[in-house]
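Enquirer: All chains, please: the whole structure from these sequences, using the hints.
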Amino acid sequence: MPKLTVQDLKKIKENTSKEMQLRGESGRIRILVHMGTCGIAAGAREVMHTLMEEMAAADRQDIRVVASGCMGMCSSEPNVTVEIEGETPIVYQHIDANKMRQIFKRHVLKGEVQSDFALARG
Amino acid sequence: MSRIRTQLMLCGGTGCKATSHGVREALQKELEKRGLAEEIQIVETGCNGFCSVGPVMLVQPEGIFYQKIQPKDIPQLVEEHFLKGRPLKRLFYVEPASEETIPRMNEIPFFSHQLLWVMRNKGVIDPEKIDDYIATDGYFGVAKALQEMTPEEIIAEVKTSGLRGRGGAGFPTGLKWEFARKSPGEVKYVLCNADEGDPGAFMDRSVLEADPHSVLEGMIIAAKAINSHQGYIYCRTEYPLAIHRLNIAIAQAKEYGLLGTDILGTGFDFDIEIYEGAGAFVCGEETALMRSIEGKRGMPRPRPPFPAQKGLWEKPTILNNVETLANIGQIILKGGKWYAGVGTETSKGTKVFALSGDINNIGLVEVPMGTPLRTIIYDIGGGIPNKKKFKAVQLGGPSGGCIPEQELDTPVDYQAIAKVGAIMGSGGMIVMDEDTCMVDMARFFMDFIQDESCGKCTPCREGTRRLLETLDRICEGKGKAGDIELLKELSYTIKDASLCGLGQTGPNPILSTLRYFRDEYEAHIYEKRCPAKRCTALLKFEINPELCTKCGLCFKACPSGAIIWQKKETARIDKEKCVKCLSCFEKCKFGAIF
Chain A
1 MPKLTVQDLK
11 KIKENTSKEM
21 QLRGESGRIR
31 ILVHMGTCGI
41 AAGAREVMHT
51 LMEEMAAADR
61 QDIRVVASGC
71 MGMCSSEPNV
81 TVEIEGETPI
91 VYQHIDANKM
101 RQIFKRHVLK
111 GEVQSDFALA
121 RG
Chain B
1 MSRIRTQLML
11 CGGTGCKATS
21 HGVREALQKE
31 LEKRGLAEEI
41 QIVETGCNGF
51 CSVGPVMLVQ
61 PEGIFYQKIQ
71 PKDIPQLVEE
81 HFLKGRPLKR
91 LFYVEPASEE
101 TIPRMNEIPF
111 FSHQLLWVMR
121 NKGVIDPEKI
131 DDYIATDGYF
141 GVAKALQEMT
151 PEEIIAEVKT
161 SGLRGRGGAG
171 FPTGLKWEFA
181 RKSPGEVKYV
191 LCNADEGDPG
201 AFMDRSVLEA
211 DPHSVLEGMI
221 IAAKAINSHQ
231 GYIYCRTEYP
241 LAIHRLNIAI
251 AQAKEYGLLG
261 TDILGTGFDF
271 DIEIYEGAGA
281 FVCGEETALM
291 RSIEGKRGMP
301 RPRPPFPAQK
311 GLWEKPTILN
321 NVETLANIGQ
331 IILKGGKWYA
341 GVGTETSKGT
351 KVFALSGDIN
361 NIGLVEVPMG
371 TPLRTIIYDI
381 GGGIPNKKKF
391 KAVQLGGPSG
401 GCIPEQELDT
411 PVDYQAIAKV
421 GAIMGSGGMI
431 VMDEDTCMVD
441 MARFFMDFIQ
451 DESCGKCTPC
461 REGTRRLLET
471 LDRICEGKGK
481 AGDIELLKEL
491 SYTIKDASLC
501 GLGQTGPNPI
511 LSTLRYFRDE
521 YEAHIYEKRC
531 PAKRCTALLK
541 FEINPELCTK
551 CGLCFKACPS
561 GAIIWQKKET
571 ARIDKEKCVK
581 CLSCFEKCKF
591 GAIF
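Keeping their order, the protein sequence lines are chains A and B. Using our numbering, you'd call the opening residue of the first sequence number 1 and step up by one each time. Using our numbering, you'd call the opening residue of the second sequence number 1 and step up by one each time.
Hints are computed from structural coordinates only; laboratory data are not their basis. These figures come from a predicted structure and were not determined experimentally.
No more than 27 Å apart at the CA atoms, straight line, and that leaves these computed lysine-lysine pairs for DSSO-like: (1) B:LYS129 x A:LYS3; (2) B:LYS334 x A:LYS13; (3) A:LYS3 x B:LYS254; (4) B:LYS182 x B:LYS144; (5) A:LYS13 x B:LYS144; (6) B:LYS550 x B:LYS389; (7) B:LYS68 x B:LYS29; (8) B:LYS577 x B:LYS587; (9) A:LYS13 x B:LYS337; (10) B:LYS254 x A:LYS18; (11) B:LYS580 x B:LYS478; (12) A:LYS10 x B:LYS144; (13) A:LYS10 x B:LYS254; (14) B:LYS528 x B:LYS388.
Expert: Take a look at the structure:
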């Protein structure tokens with residue numbers, strides 16, 4: 001490998017910081033995938049996979065994905081909660097891969113709440 | 001960007017590794033079994049600092065802190081937390097005083113009172129990945145120093161920071177560099193002292209294990225400051241993990257051209273080698289350390305000439321401690337003024353301490369200079385376990401002294417600590433509770449010192465042995481009038497006449513215990529009594545009827561049938577039959593046996 005220059009140093013910093021983002025401050029947006037036994041049985045794993053694919057494509061530093069537990073509304077699983085700083089959290093119900101994609105692209109990235117899938121505020 | 005949603009920061013420090021056998025493998029296996037291996041990543045970090053609750057793991061981005069993880073916990077942990085999103089409460093930290101369960105690391109008092117500068121990367125980066133270090137501004141100090149600064153400017157910046165040697169003596173780092181800079185000579189050396197030898201001290205080891213590149217960065221900058229092209233890290237061979245990670249770090253830095261010729265294209269050359277020491281305490285003394293690197297027997301020589309004039313192979317040399325060097329990169333990057341913004345009048349920045357002994361939270365802590373010792377022991381350390389009372393804290397290892405309860409509000413500051421009879425030292429902080437006998441404690445350190453004395457000069461070689469013999473006598477109940485005066489006189493003679501720091505500071509544990517706990521010496525000598533009941537030769541093997549609860553535990557424990565006891569009756573000891581094995585003494589919960 002050729003010797004580094006200061007420019008290379010900056011490049012390495014930029015690339016690696018992305019990977020290390022998770023270890024720093026918490027993000028501005030949190031997406032909770034509820035993954036209780038009920039959620040997993042209803043398909044939350046697939047929802048999580050889709051979400052992670054979308055996350056990779058979006059390349060955003062301020063979003064955190066958290067696997068969360070059962071909310072107690074097992075009949076409405078899979079549930080996903082989107083928490084954007086300064087806004088009311090929205091709980092979505094009966095989410096599948098397609099709905100997840102739509103929620104991510106519209107609500108998370110553009111701030112448009114997808115009322116059709118929503119279960120509740122907060 | 002990767003698809004990783006969670007990173008598991010598993011502590012890979014020596015303390016945790018010693019007890020975490022199989023945890024990493026079990027975790028990896030379980031994540032794969034559950035199909036989570038692609039979204040959850042394990043990162044092995046350096047020492048997290050909270051060694052007493054190890055093995056520890058931090059789950060990011062949630063910040064959940066797990067303690068005392070064992071392989072058998074892993075299947076449940078993975079299923080509950082990583083699959084179903086329910087953090088596993090039984091592995092949370094429990095605050096000893098309030099018995100409150102605290103799930104998040106930054107809410108645990110042990111962590112929340114600290115200021116991490118030297119240890120800023122602990123638990124954040126993988127110490128075996130240079131890219132991780134670069135991502136946290138690593139080597140940007142080198143870039144700035146080599147590209148934009150003259151050696152004089154580097155020295156001026158370090159002087160402005162007020163940084164003083166963290167190895168113990170507290171000599172201003174910038175000044176040391178300036179002396180070496182001004183020394184004439186083509187060949188000069190930069191040395192790193194990683195020969196940490198104080199009993200109870202493990203700061204430098206942890207820094208090397210958690211962030212080895214920070215030390216390399218400090219050395220490169222130092223080299224530029226004094227115009228040196230070769231450096232050595234003198235590390236004791238008992239630190240295998242530190243040496244392993246240093247070797248990886250040096251190889252990576254060489255591959256990136258951060259060591260070797262023409263560093264970062266600036267035309268500056270510098271290389272580093274590791275020299276493994278055999279672990280002699282005296283080799284932490286600078287002139288002995290240099291002899292050892294030269295391949296000779298590690299013995300000190302008189303100063304002057306100082307190493308800045310004639311050091312390793314008679315060439316101008318600077319020797320800095322691990323923690324000192326780990327500060328340098330950030331001082332250059334953020335400026336000396338930034339560094340000097342924290343601390344007291346005479347002591348700037350932060351200091352790392354290794355907390356151990358009779359304290360709840362054993363581990364590694366970093367606090368701003370000026371923090372009162374009480375804060376470290378009670379707020380960060382969580383106080384004394386088993387409802388015992390605090391007695392004293394030993395600072396600076398065998399060269400230091402003890403500080404009693406009434407002086408606990410002393411701030412962490414070179415001058416203030418010296419005033420109460422101890423030294424800042426390299427950062428060993430051993431806490432002792434009321435059950436510690438101070439004479440016995442002084443004897444322990446004197447035993448260590450006379451063992452480690454290299455034997456070159458008579459005061460240290462013979463004097464420390466005589467001190468130990470006297471203390472042995474006192475602890476065995478053979479102390480006599482005049483012993484205290486003898487200890488004092490001999491101690492001062494050794495301090496005045498010894499060749500190097502080892503002898504000059506060796507009697508400190510005796511002098512400082514005499515200063516604050518003279519009554520304990522007197523009790524040993526005149527009353528043949530050990531107030532803490534540690535010196536077993538002074539036990540009378542009698543039972544205090546006022547303290548005896550008639551429980552019979554001593555009776556059951558005695559192997560020689562020397563205890564006379566019946567239900568609802570006070571026990572007695574038949575001295576004819578007693579073999580002084582201490583079985584009864586250890587079993588008695590009420591301190592009735594004396």
